[in-house]
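Student: From first to last, the protein sequence lines are chains A and B.
Taking numbering that gives the first Met the number 0, I'd label the letters of the first sequence as residues 0 to 446.
Taking numbering that gives the first Met the number 0, I'd label the letters of the second sequence as residues 0 to 119.
It should be emphasised that the hints constitute simulated quantities derived from the structure, not laboratory data.
The beta-carbon is built from N, C-alpha and C at its ideal position, and this holds for glycine as well.
The reader is advised that the hints may include incorrect statements.
Partner residues aside, some chain A positions facing chain B, computed with beta carbon under 7 Å [as the list claims (entries may be wrong)]:
hint, residue
1, ALA18
2, SER201
3, ASP354
4, ALA398
5, ASN400
6, VAL404
7, SER409
8, GLY412
9, ILE423
10, LEU424
11, VAL425
Spelled out from the first residue to the last, the chains are:
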Amino acid sequence: MPPVTGSPLLATLRDAAPAVVPADTAWMLVATALVLLMTPALAFFYGGLVRSKNSLNTMMMSFVALGAVGITWALLAYSLAFGEGNAWIGGTANALLGGVGLEAKGTLPHVLFMAFQGTFAIITAALISGAVVERMRFGPYVAFIVLWTLLVYAPVAHWVWGGGWLMTRGVLDFAGGTVVHINAGISALVAATVLGSRKDYSRQAILPHNVPFVLLGAGLLWFGWFGFNGGSALAANELAALAFTNTFLAPMATMVVWVLLDYFRTGRATAVGGATGIVVGLVAITPAAGFVSPTGAIFLGAIAAFPSYFAIVYRSRTRLDDSLDVFAGHGIGGMTGALLTGVFAQKAWNAAGADGLLAGNAAQVGVQAIGVLASLVYAGAMTFVILKLLGLVTALRAAPNVEGVGMDVSQHGEEAYTNGEGSILVIPDAVGAEAPVPALNPQIASR
Amino acid sequence: MKLIVAVIRPDRLNEVLEALYRAEVRGLTVSRVLGHGGETDRVETYRGTTVKVELQEKVRLEIGVSESFVNITVNAILAAARTGEVGDGKVFVLDVAQVRRIRTGERDEAAVTPPVPEEV
C-alpha cells in the first residue's frame, strides 16, 4: 500500500515519534467493519445464484471463511504477509499475534491494522467458493481455504503490500486487484477444472433460485467496498476520499455499460446482469482506486464491462463449470483493472503513486503486467497442488446421488426453505430423568 | 387405456422427463407431494432442536396412455428413476373407465398418448 499522505503538521508529529492518529483510527475502525460485511454480502450474492437445494451450503462456504480464515490469519498468515521477512515471504515474528499490540503501525494501532487486513484475507478465500459450489464437500473446502490462505494469499499479499518484490518493482495495487481478485479468480478457474463440472451442468437448466438475494448481495458488497477501497488509504485523508469517490463512480459506469450490452444482445436488461456489472466494476476499480482521477474511474469502469461480459457469455458455452463465473468476474475484471491502472494513473492525484500511459509513462503498463503474471502463475500452480494433495487424502466431491439430493441436507443437515411438514420432534434425554421414547411411527399431520 | 401413476425422487425428475420424451410419451401431469416409502429417516438439527424428517419430498407423475404405450412408459420410468437406494418410489398402472380430451371432445384411446397428428 502507498505511504500515507497527511497534513504537514501530522507528518511532522509522525516523524517525531510514530504515533496513533485518532482520526485515522476512527475511520479505519469503521472501514474494517465495512469490509467484514462484504463476506456475508458475498454469501447472499452467491446464495441467490444457486439452486435452492444448495443455497445454505453455498452461503456457508462464505460464512465459514469468517471463522476458519479469520483465525488462520490471526495465528499465522498475518505474520507471513506483513511480518518482517525477505522479498518472498514475511517472517514468524508476529505469529500467534506476537508483538501485535496497541503501538502505532503507520498511524493506526497495530491490532487494528491486523484486523483490517484480516477482513481482506477472509473475503478473498470466500470468493473462490463460487467456482466449486453445488458439488464440493464442505470439510475438504474448509481445509482448502485454510491452506490457501497460508500458502497463496499470505505470500502474494507480502509481495505486493508487505515489502516484497512486486512492491519494490513499483507495481500499483491500491486495494487488492492483484492480491485479492486476480488471485481468487485464477484459483477459482483451477479449482473448477480440478473438481470437474456439476453432474447437471450443460444437461439441464440450472437457474438462480433467488434473484432478489443476488441484488441484495451486490448492494451490500458495494456498501462494504467503500471500506475496502477507502480504507486502503489506511488513513482519514484526501487519498481515502479519492478512493471512496472512485468506488462510487466506476461501478456505476460498469453497470450502465453492462445493462446496455445485455439490452442490445438479448433485448432485455436483466437484474442478474445489473448485479454482476456492479461487482465487476468494483473489482476493476480496486487496484486503481487511489491512483486515478474520478473521470478516469468512470472510463475505467465503462471499459471493464466488456472483457468480463464476453468472458461470461463465452464460458457458459464451454465445458468449464466455473459455476458463478469467479474467473470472468474477478480474474478478468481484476486483470483489466490492474492493467488500466497502468493507463489511467496520475501522480497529480497521488504523489506516492506513478504516472500511467495517458500521463506519458507507458512503462507502467508493463510493470502492472508483471504483477498480473506473477499472481496468475503462482496462485494457479499452488491451488492445483493444494487440491491434488487434498484429493489424495479425501474425496473433494460429493457422490453423484448426494449432489442430486442437494448439499444443504447432505453437508449440513438443514434446509433453507422448509415448513416442517412430516417432521417429528426428537425429544432429547432430560438430565437425570428416564429418557422418553420418541415416536417412531410416521405421524401424518392432520389436515 | 391405462393411467400410469409414478412416485419418484425429485432429483430424478429431469432424467425421467428426458426418458419419457425419448420414448415419445406426450402429455403428463407433475405434482410435488410428500410421502414415505420406508427409507431411512433423515435427521436435521436447528439450534439444538433435532427432528426426523419422515415425510420426504417426492414427485408424482400421472400419465394417460394407450395400451400399446403402457410397457414403454413403465420401462422408461423404471430405468430413469432408479438409483438402487431405498426410496426410489413406485409405479402404479390403473384401469381407466373413460378419457375425454377437453379441447376436442375426443374419447378414450384417441385422447391419450399417442396423440392424433393435428391437421394444420
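Student: None of the hints should be skipped; say for each whether it holds.
Tutor: To see whether the hints hold, each was checked on the structure:
1. Below 7 Å, beta-carbon pairs count as interface contacts, and ALA18 of chain A has none with chain B, the closest being about 46 Å; its hint is therefore violated.
2. A hinted interface residue such as SER201 of chain A counts as satisfied when its beta carbon comes closer than 7 Å to some beta carbon of chain B; here the least separation is about 13 Å, so the hint is violated.
3. For ASP354 of chain A, the interface hint is violated, the least distance from its beta-carbon to any beta-carbon of chain B being 57 Å, above 7 Å.
4. For ALA398 of chain A, the shortest C-beta to C-beta distance to chain B is roughly 11 Å, which exceeds 7 Å, and the interface hint is violated.
5. For ASN400 of chain A, the shortest C-beta to C-beta distance to chain B is roughly 5 Å, which falls under 7 Å, so the interface hint holds.
6. This hint holds: VAL404 of chain A has a C-beta 6 Å from the nearest C-beta of chain B, less than the 7 Å allowed.
7. A least Cβ separation of about 10 Å between SER409 of chain A and chain B goes past the 7 Å threshold, and the interface hint is therefore violated.
8. Taken as an interface hint, GLY412 of chain A checks out: its beta carbon lies about 5 Å from the nearest beta carbon of chain B, inside 7 Å.
9. A least Cβ separation of about 5 Å between ILE423 of chain A and chain B falls short of the 7 Å threshold, and the interface hint therefore holds.
10. Proximity of LEU424 of chain A to chain B holds as hinted, the smallest CB-CB distance being about 6 Å (cut-off 7 Å).
11. This hint holds: VAL425 of chain A has a C-beta 4 Å from the nearest C-beta of chain B, less than the 7 Å allowed.
This entry does not satisfy hints 1, 2, 3, 4, 7, going by the numbered hints stated previously.
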